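**Student:** Here's the letter readout for the chains.
2 protein chains.
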Amino acid sequence: MSRILIDGHGGDNAPQVVIEALQKILSDGKSPNEEGSIELGVVGQPEILTPALNAAGIAGRVEVIPAAQTIDMCESPAMALRRKKDSSIHVGARQVRDGHWDALVSAGNTGALMAISKFILKTLPDVDRPAIASMIPAIDGQTLLLDAGANVDSSSEHLLQFAVMGSCYMQAAEGMDSPRVGLLNIGSEDIKGTDVVKVAAAELREMDLNFVGNVEGTDLFLDTVDVVVCDGFVGNVALKTMEGVARFIIHNLRRELSGSLSAKMGTLLARDALKRLKSKIDPAEYNGAPLLGLNGIVVKSHGGANTRAFVRAIMVAHREVDSNLREYTVEAMNQWTEN
Amino acid sequence: MSRILIDGHGGDNAPQVVIEALQKILSDGKSPNEEGSIELGVVGQPEILTPALNAAGIAGRVEVIPAAQTIDMCESPAMALRRKKDSSIHVGARQVRDGHWDALVSAGNTGALMAISKFILKTLPDVDRPAIASMIPAIDGQTLLLDAGANVDSSSEHLLQFAVMGSCYMQAAEGMDSPRVGLLNIGSEDIKGTDVVKVAAAELREMDLNFVGNVEGTDLFLDTVDVVVCDGFVGNVALKTMEGVARFIIHNLRRELSGSLSAKMGTLLARDALKRLKSKIDPAEYNGAPLLGLNGIVVKSHGGANTRAFVRAIMVAHREVDSNLREYTVEAMNQWTEN
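Line by line, the protein sequences give chains A and B.
Under this note's numbering, read the first sequence as residues 1 to 339, first letter to last.
Under this note's numbering, read the second sequence as residues 1001 to 1339, first letter to last.
Hints in this document: simulated from the structure, not taken from any laboratory.
As the structure is a prediction and not an experimental result, all values here were calculated from the model.
Careful, some of the hints might be misleading.
Stated by the list, open to error - Below, simulated EDC-like cross-link-like pairs (lysine to aspartate or glutamate); rule was C-alpha separation at most 16 Å, straight line:
(1) B:Lys1278 to A:Glu256
(2) B:Lys1192 to A:Asp153
(3) A:Lys192 to B:Asp1153
(4) A:Lys280 to B:Glu1256
(5) A:Lys280 to A:Asp140
Stated by the list, open to error - Not close to chain B: a few residues of chain A, all C-beta gaps over 12 Å, as computed:
(6) Asp28
(7) Ser37
(8) Pro51
(9) Arg83
(10) Thr123
(11) Asp153
(12) Arg205
(13) Thr307
(14) Glu338
Stated by the list, open to error - Computed footprint of chain A on chain B, listed as stretches where at least three residues anywhere in the stretch have a Cβ under 8 Å from a Cβ of chain A:
(15) 1085-1096
(16) 1229-1235
(17) 1256-1267
Glycine residues also receive a C-beta, built at the ideal position from the N, C-alpha and C atoms.
Chain A with its partners taken away, still in its complex shape (with noise of 0.2 Å):
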C-alpha cells in the first residue's frame, strides 16, 4: 500500500482539479488493504478542503492534514522557503520526512516545491542538487529528460549526477533492464558543445551506466536513447518548446479539419484516430515528473493540469512508492563515487 499525499492548495485550478482527482482514484481503486491499493490525503487550509471533500462525497476517506498557509504560483522560492513555514507544500514535506506519508504531489510553484523539499527532506547521499524529471512520449516508447527545469548552470558533475539518477528512475520505477542514457548537445561529435558537456561526455563514458553519447533534441522522441541528461535551463526550454509545437500543431490541425464540408465529413470519419493521436501527443498523459535525488519522494504535476493529468502524477507517486528507486540510487552513487 502506498499513502500518498497531495498538495490542495497547488495549480490553476485547485483545489477543484485536485479534489476531482481524489475522487475519480477512489471511485476506480481497491480496497484500502489491498496489495498496490492507495492510501490517500490532502494537505491545506481545512476550510476550504473539507467542504469540497463532503461535496464530492469522499470526506470520510481522505485524510486532511491541516496547513494554514499556501504559496502562491509567481512568489520567489527563496521567500516562501524561509517565510511560509506553515505553508501546504512545508507541511506536506515534514509529513513525508516523518514517515506519516510515503510521498508528496503537488501542482505548485516548481521553484518552492524543490527548494523546500530540498531543506526539508534533504538529498540522498552524495547527490548535491536533485532535478525534476519529466517523461516524454517517443516514438514506440518514452524518454524520461532531466534536468527539466531545477536547476540552471549545472556543472559536468551535476550532470553525471542527473545520468545516473535517471537510469535508475528507468529501471527501478520503469523496469528497464539498462536505460541508454544520452548526454543532450548540439551535434552528436565530441567536439560540439560547451565546456561543461564535453568534459561531462568524456566522464559518462568512463562510468557503469549504458551510455550512447551525445544526443539532440530530435532524438528525444525517437527509439535511440532513454534518458536524457542536460542543464535545467536548456531541458526547461526543450519541454516548453515541445509544448508549444504540440499545440501549434493542434490549433492547425482543428483550423483545416474544420474548414470544409468534405475535411468535416472525413474527421467525422477519422474520429477515432484522431482522437488516439491525440491522447498519444497530450501532455496530460505525460504529468507528474519526480524530483529526483531527494531523500524522499515529491512528484510535481503541471500546473495547469486537468484531472484525468493530475490522476496520473498521482499514480507516478504511487509507481515510485512500490519501487525500490531509493535503494538503487544510493547503491549506484555509492559504487559511482568509490570508483
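Once you have looked at the hints, place chain B on chain A.
**Tutor:** Just chain B now, kept in the frame of chain A:
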C-alpha cells in the same frame, strides 16, 4: 537584380538538390535584367557541376565558379578553415567579399560555413559574434529565433547584439515596423534564469528596442513575440526539439489515419486540409537561415533540404540582397554603442 552564388557541394543531397533548385528557379524566373530577377552561380568542382548542369539543360544560364575542395559535414570547422582554402565555401565567401556575387547559399557544414564566412567577410562594426537566425512558424505569423547554434556560452553582451541584429532583420527583410523582441528564459518573472540572462534582460529594457521581456519555449509559436534571443546551445536544442516533435506527430498522424477503413476514408475526404496542415508545419517551408552580423550575405540551408526547401533558402538570400539590412544593422549598432 541579385546575384546569388550557391555552394554546389553542401548538404546530404548535393549536387542533385542544388541543380534541381536552380532549374526550378530558372523555369519560374524573370528575364535576367528585370527588377527582382536573380542571377545564379554555383561554386565547386566543375568536373561534377558542369555535366550536371548540362544534363539539367541549364548549363548556359548558371555560371560555374571553380573550387577544388569540399568540406565534409563532420569535419572540424577550425580544420576546414585552415586547411581547405580552396573549398567551395572559402571560394564562395571570397567571391562575395570581392563583390562578384551578392550572397552565398550553402547547405554544408554549419560550423565551417560560419567560421570561414566570419574569417573572410568579417563582422559588421560592433558585432563580436555573428548568429544563425532561424524562422519558425507561429500562429498567425512567424518568429525569428537567434542564435540557432553558431555560439555556445554566449555572454549577456552577445545576447544584446543578437537582439539588435534580429530586430533589424525583421524590419529590413520582413518589413515589420517595430518587431517585438523577447529573451528566451524558463519563466517570465525577473528572478528566473541564469545570471547571463538576468543581466541581458535588465540591459534590453534600457535599449531602443521593442523589448517584451522574458519569453518561454511555448511563446515561439504564438503571436506574442517576433524575435526570440538566446544562446546558440539553447536555440539549437529548441529548434531540433521542434523538428523532433513535428516529425513525431506526423508519424503518429499517418499511423492512426491508415489504421482502419473509416479512418482511411476520412483521410481521403480531409486530404486537402491535411496537406495544408503539413505545409504549415513543414520545416521545408521555413528553410534558409541567414547568418546575421557578417559583413556580407550568407544563408544556411538545412543539410537535408529537398529541392523545394533549397529554393526557399535561395529566396531568403534574394530577399536579403534586395533589403537594406546592412545599413539598418550598422546604424542600430552604432546608435546603441554611442548611448
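**Student:** All hints are to be evaluated individually against the structure, with a verdict given for each.
**Tutor:** Status of the hints after comparison with the structure:
| no. | hint | verdict |
| --- | --- | --- |
| 1 | B:Lys1278 to A:Glu256 | 10 Å, holds |
| 2 | B:Lys1192 to A:Asp153 | 12 Å, holds |
| 3 | A:Lys192 to B:Asp1153 | 12 Å, holds |
| 4 | A:Lys280 to B:Glu1256 | 10 Å, holds |
| 5 | A:Lys280 to A:Asp140 | 11 Å, holds |
| 6 | Asp28 | 27 Å, holds |
| 7 | Ser37 | 34 Å, holds |
| 8 | Pro51 | 33 Å, holds |
| 9 | Arg83 | 15 Å, holds |
| 10 | Thr123 | 21 Å, holds |
| 11 | Asp153 | 5 Å, violated |
| 12 | Arg205 | 19 Å, holds |
| 13 | Thr307 | 22 Å, holds |
| 14 | Glu338 | 33 Å, holds |
| 15 | 1085-1096 | violated (count 0) |
| 16 | 1229-1235 | holds (count 4) |
| 17 | 1256-1267 | holds (count 9) |
In this structure, the hints that do not hold are numbers 11 and 15, in rising order.
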